[in-house]
Structure formats: structure tokens, C-alpha cells
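Read top to bottom, the protein sequences are chains E and F.
For what it's worth, the working numbering labels the leading residue of the first sequence as 94, then goes sequentially.
For what it's worth, the working numbering labels the leading residue of the second sequence as 18, then goes sequentially.
Read the hints as simulated data drawn from the structure, not as lab findings.
Quantities reported herein were computed from a predicted structural model and do not represent experimental measurements.
C-beta: ideal position from N, C-alpha, C; glycine also.
The reader is advised that the hints may include incorrect statements.
[As the list claims (entries may be wrong)] Reference listing, derived: stretches of chain E covered by chain F, where coverage requires no fewer than 3 residues with Cβ under 8 Å from a Cβ of chain F:
no. : region
1   : 157-163
2   : 170-179
3   : 198-204
[Said to hold, decoys possible] Each computed DSSO-like pair below joins lysine-lysine, with the alpha-carbon atoms no more than 30 Å apart:
no. : chain 1 : residue 1 : chain 2 : residue 2
4   : F       : K125      : F       : K78
5   : F       : K78       : E       : K102
6   : F       : K78       : F       : K117
7   : F       : K85       : F       : K125
8   : F       : K125      : E       : K102
9   : E       : K102      : F       : K117
10  : F       : K117      : F       : K85
[Stated by the list, open to error] Derived Cβ-Cβ restraints for the label pairs, each shown as a range:
no. : chain 1 : residue 1 : chain 2 : residue 2 : range
11  : F       : T22       : E       : G156      : 19 to 29 Å
12  : F       : Q62       : E       : L172      : 24 to 34 Å
13  : F       : D71       : E       : T179      : 38 to 48 Å
14  : E       : S162      : F       : R86       : 34 to 44 Å
15  : F       : H99       : E       : T195      : 17 to 27 Å
16  : F       : H99       : E       : S160      : 41 to 51 Å
17  : F       : S20       : E       : N155      : 12 to 22 Å
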Amino acid sequence: NAGVTQTPKFQVLKTGQSMTLQCAQDMNHEYMSWYRQDPGMGLRLIHYSVGAGITDQGEVPNGYNVSRSTTEDFPLRLLSAAPSQTSVYFCASSARGRSGNTIYFGEGSWLTVV
Amino acid sequence: AQSVTQPDIHITVSEGASLELRCNYSYGATPYLFWYVQSPGQGLQLLLKYFSGDTLVQGIKGFEAEFKRSQSSFNLRKPSVHWSDAAEYFCAVASGGYQKVTFGTGTKLQVIP
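Start from the sequences, fold in the hints, and give me the full structure.
Below you can see the structure in the form of C-alpha cells.
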């Protein structure tokens, strides 16, 4: 069981370049989300999805785009990379249900924009 | 809007000493609460979670947390810290549908011999 898989793990971009962070989960979870982690700021929600075809903005959505064409995949696109987007990115997924379902995180993607 | 406050940015304890990490939350309804741990260069590992029932929650690695509604707190405790517990700890609160999880800013734990 692979859980939540993120690729790439490390990436260096030049300012203005675009790229896509991939996220896939094999647990048939309805909910998926992207966070960025910066020193002293914890994890902040970028975008989230409650199911295929449904996405919404989180706390810090500017400069990022998402889509959810399948239940398994939730890619995060950086449209025109800026140094302020240097961060560690985490994808997460969880199942819908009445009980306190566990939220599963990927291993993270370290992105540097120069 | 929901929020989480971890007032201690950095804590140092001696190996074998007890530990308490503080977490205060703000949420209108009954919250879903979590503690995660992150080692350097790694992802997040769930230590424990609370969503209903017994307010004292047991987790992995000997950790426990107590939900106190009157104080809006969910503090993490461990009776005897091991050197391998050195990491960053995050408290989080989630809405009922799990669409959004709000994290605290984290507490870095240093363990000295």
C-alpha cells in the first residue's frame, strides 16, 4: 500500500518557470489537499478537493492552480514561479466519514525558486 | 474561522524528564484535534487524534493528550522523554468534514542527555 505519493522530492526552478507537483493516493480517499510549510509558520493550506471535479481555495492559493480529474490524483501547478514560493510542499488525503479519520501525508516536495 | 496556537516555539528537556507541549484551539463546534510529529527532512507522522469520547487520548510512542473543552486546550504529554523524541510537533484542528485542517506553528523539542 503506497499511501500518498508525491513527486518530485526535490526541484530547483528559475523565477518565471512553471511546474507541476504530482500527488497520487491509492486509498480511494475523497479528500485531498496541498499545504506549504515555511519556518515558523507551520503548514498552511493552499488548495483542497472534496472529490473528483471539485476544488476550492485554502489560506494561501495565489500563484497556484489545481485540478481533480480523478479520485487518485491531485496535481499542484505553479504558474510562474517566484522566490516566495520556495517552500516544502505536502499533499494529504483522507476519507469521508462520521468518525475521526486519519489524514495521510506524503513525504514532501522541497522546492527552491532562484 | 478555526485556529491553533502553540505558544512554545522551542522547548528543551533532559532525557528521562516529563514533557508537556501546549496547544490551544479556536473552533465553534466540537473539534477534531490531532498531534503530528516531524523529524528533520521527513513528512508528518500522526501521534494521536481526538474526535469524541474519552478526553484522554493515548497515542503512539508513549504519548498522550488531554482534551479540555473549558480551556480550549489539547496538550500533549509524555512521562519520560527519549533522545529519539527530538523533533518538531504540530497540533492541528479539523472541520467536521475533514476538508480543511489548520495547523499550529509547531514546537521544536530538543532533548539533552
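Which hints from the list above does the structure break, by number from lowest to highest? The structure breaks hints 1 and 2; every other hint is satisfied.
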